[in-house]
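Asker: Quick note, the sequences are listed as chains A and B, same order. The first sequence begins at -18 in the working numbering and counts up one residue at a time. The second sequence begins at 26 in the working numbering and counts up one residue at a time.
Simulated from the structure, these hints should not be mistaken for lab results. These numbers come from a predicted model, not from an experiment. Hints are supplied without guarantee of correctness; some may be wrong.
These stretches of chain B come out as covered by chain A in the derived footprint (C-beta under 8 Å, 3 or more residues) [unchecked claim]: (1) 68 to 81; (2) 93 to 107; (3) 111 to 123; (4) 126 to 138.
Non-contacting residues of chain A with respect to chain B, defined by C-beta distances greater than 12 Å in every case (computed) [as the list claims (entries may be wrong)]: (5) Ser5; (6) Arg147; (7) Ala320.
Yeah, the Cβ is synthetic: ideal placement off N, Cα and C, and Gly gets one too.
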Amino acid sequence: MSWIGLRHERGGADLAETIVLAWSSLLANRMRSALTMLGVIIGIGAVISMVTIGRGAQLQTENQLKSLGSNLIFVQSGVAAGGGPASRGAGSATTLIWEDAKAIAASIAAVADVAPNLSQRTQVVLADRNTNTTVVGSTPAFVAVRDFLPLSGRFFNEAELDQSARVAVLGQTVVDSLGLTASSALDRTIRIRGETFTVIGTLEFKGSTGFRDQDDQVLIPLTTMASRIVGVNTTAGVSVESIAVSARSAASMEAADYQITNLLRLRHRIVPPRQDDFVIRNQADLVNASNAVANVFTALLGGSAAISLLVGGIGIMNIMLVSVTERTREIGIRRAIGARCSDILRQFLIESTVLSLAGGLLGVLLGVVASLAINAAFGWSAGIALDAVGWSLAFSLVIGVFFGAYPANKAAQLDPMTALRSD
Amino acid sequence: MLQLRRITKAYRMGEVAVPILHGIDLTILRGEYTAIVGTSGSGKSTLMNILGCLEQPSSGHYYFDARDITLLSDNERTDIRNVRIGFVFQQFNLLPRLTALQNVMLPMVYAGYDRAERRERAMAMLEQVGLADRMANRPNQLSGGQQQRVAIARALVNQPELLLADEPTGALDSRTGEDVIELISELHAGGLTVVLVTHDPSVAHHSGRIIRIQDGQICGDSQPWVPDKPPPSR
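Could you put together the complete structure from these sequences and hints?
Answerer: As C-alpha cells, then:
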C-alpha cells in the first residue's frame, strides 16, 4: 500500500475557503486587526497622497514655466573673463548689447520676436508709498515674446522707445504694493531713482514661476532705462543683460538656438580657444531643471511615506507573531488531525496577506480621498496617481507575504506535540 | 497491525535527558480492543503519542502495517494521522471558534474532500454519535460528554482503521464517561481497532486486552501476542 495518495488531492482547502477562514479569524480580534491594519492604511494613504502632491506641484511648475511665453529662448550675457579659475557666473559680464538683439531679429529666419532686457532692483515711489521692485527696460516686442499682455491701459510703443519717453507699465504686484488698482494706476506719476514716470498701463496677472514673481516688475523703454536709470552705455551701444527670443515654432527652437550662437560668435569675434561670452537657455532646459527638482521632491515624499508603510508591515509581523503564540494549541490540534506544515504555513500567510491587503485597500481609499481634497484645495488638475495606487496595492500584497513569512514559518515548524501541550 | 520494537523515549530537560520509555516491545492486531493502564508518569501517554505518530521515539522501530514509521517524512506521518488514525484526547481539543460540524469537517479539509462531501459525511458522523441536533453549536455551548462525542466524530470522519483514545473519560463525570466508553465499544464492535489509555479499571475492563505500564516498561499483558497463535476472531 502506498502512503502517498492517502489524500484525495493535494491542496486541501481551496483558496477562497482559506481566505474566508483567515477573514473570520481576523474578525475574532476586531480591534487588534483594525489597529494593525491602520499602519498599512496610513502608509498606503500617505504614499498615494504624497505622490499626488509631488505630481501636482510638478505640473503646476510646468504650467508656470510655460506662462513665461511660448518657444522661448533666453540669451544671457556670458561669463566674465576674469582671468582666474573662478567663474563669476552667467550675466556677470555685460557682453550683450542692444545691437545684438537687433541683429538677431533682422537676420535669423527661425526667430519671431526679440526683446532685449536690462533690469535693476530699485525703489519705486508713489507719493507717500514706495516699494522695492525690479525695473526692466525692454522694447515693445516684450509683449509678443513673453506673451504678456496689458490688463489695463497699453504697453509703450516704438515712438516712446525712440524718444526715451518716461512712461512705465506696472506688474500687478507693484500695483498692489503701491495701493493702486489696475484702473486707478493709469496716468499716475511715479518716481524711479528721482525720475518721474507716467503709468500708461498695467500688466496681466501671471503669478510666480517658482523662481521669481513675474508680477513684481515695472516695464519702461530700454532707451529710458539705459540713459536715466542704469546708464550702461558702452562704446558699442546699449548694454543689455539678456535677450529674450521667441522662435517661430517649437520645431524651429533648435535652429534658432544654433543660428543665434553662430551669429553672436561672429559679432563678438569668438574663435577657439576663446569661450562664448553668452549663454543660451531655452524653456525646455528650465522645464527639465524644474522637473528634476520635482522628481527628487516626489521621491522624497514617496520615500518617507514608504517608510511608514514598512513600519506598518513590521506591525503586521508583530501581530502575526502574537497570533501564532496565542494559537499554538490550535496549530497543535490542526497538526494532530492531519494538517501538514505547508497547510499551517498557508493558513498564516494568507491571514497576514488578507490583513495587509485589506489595509491596502482601505489605504487606497484614504489616499484617493486625500488626493481629491488636495487637488481641490490647491486647484490642481493633476488627478490621482493611479500608478501609485497600483504599486501600493501590489506593495501591500508583498508586505503581507514578506512580513507574514517569518511568523507563518514559525507556526509551521512547531512540533505538533509541543504545540498541543501548550495553552 | 501495529508493532513496536525496543522503543525508547527520553525528553531533554536542559542538559539531562529524562528517560520515559525503556524499550517497549508490543504488537497489536487488527480488530483488537486494547487498554493501556498505568499510574501517571508511567509513560503511557508518551507511548500513546508515539502510536499516534504525534511523537517520534528516541530509538527503536514502530511498524504500522509493516511500514517503519520512524523512517517516514513529516508529511507522510501527517497523512497517516489524517487518514488512518483517529485520535481522541482527554481535553477534547476542539477548535473553540468552529461549530461542531466545522470541527468534524476539519480532517476532511486536509484530506482534500470537496465541500459538499465534507458536509454530508460530517453530518452523518455527528448523527452516528447522537449529536444531530447540536451541529451548529460551538464547543463552549456543549457539555463535556457532547464535546467528547464531537471529538470522536472528528477522529472517525476520515474512516481510519485505528482509534487511539488518551484518557477519553478523564475530563468527564462517571455517567457521561460511561456513555463515551459505550460508544467506543460499539465502534469496536463495528470493526475498529481501538487502543485507549486510562487509569480507571472499570473503563479498562471493557477492553479485550489490558497492558500495564510502569516506569516506562510493560509489566503486564492480559493477552500477550504469541507469533504462532492465530489472531483473535473478529
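Asker: Hint by hint, say whether it matches the structure.
Answerer: Evaluation of the provided hints:
Figure legend: the region 68 to 81 of chain B, annotated as covered by chain A; annotation consistent (4 residues with Cβ-Cβ distances under 8 Å, at least 3 required). For the region 93 to 107 of chain B, the stated coverage by chain A is satisfied: 9 residues place a CB nearer than 8 Å to a CB of that chain, which reaches the threshold of 3. Restraint check on the region 111 to 123 of chain B versus chain A: 6 residues with Cβ-Cβ distances below 8 Å, three needed, restraint holds. Proximity of the region 126 to 138 of chain B to chain A, defined as three or more residues with a beta carbon under 8 Å from a beta carbon of that chain, is established by the 7 residues found.
Distance to chain B contradicts A:Ser5 as a non-interface residue, since its nearest Cβ pair spans about 7 Å, not more than 12 Å. With 12 Å as the threshold on Cβ separation, the claim that A:Arg147 sits away from chain B holds: the shortest Cβ distance comes to roughly 90 Å. Against the 12 Å criterion, A:Ala320 falls within the reach of chain B, whose nearest CB is about 5 Å from its own CB.
The structure fails hints 5, 7 (numbered hints given earlier, in ascending order).
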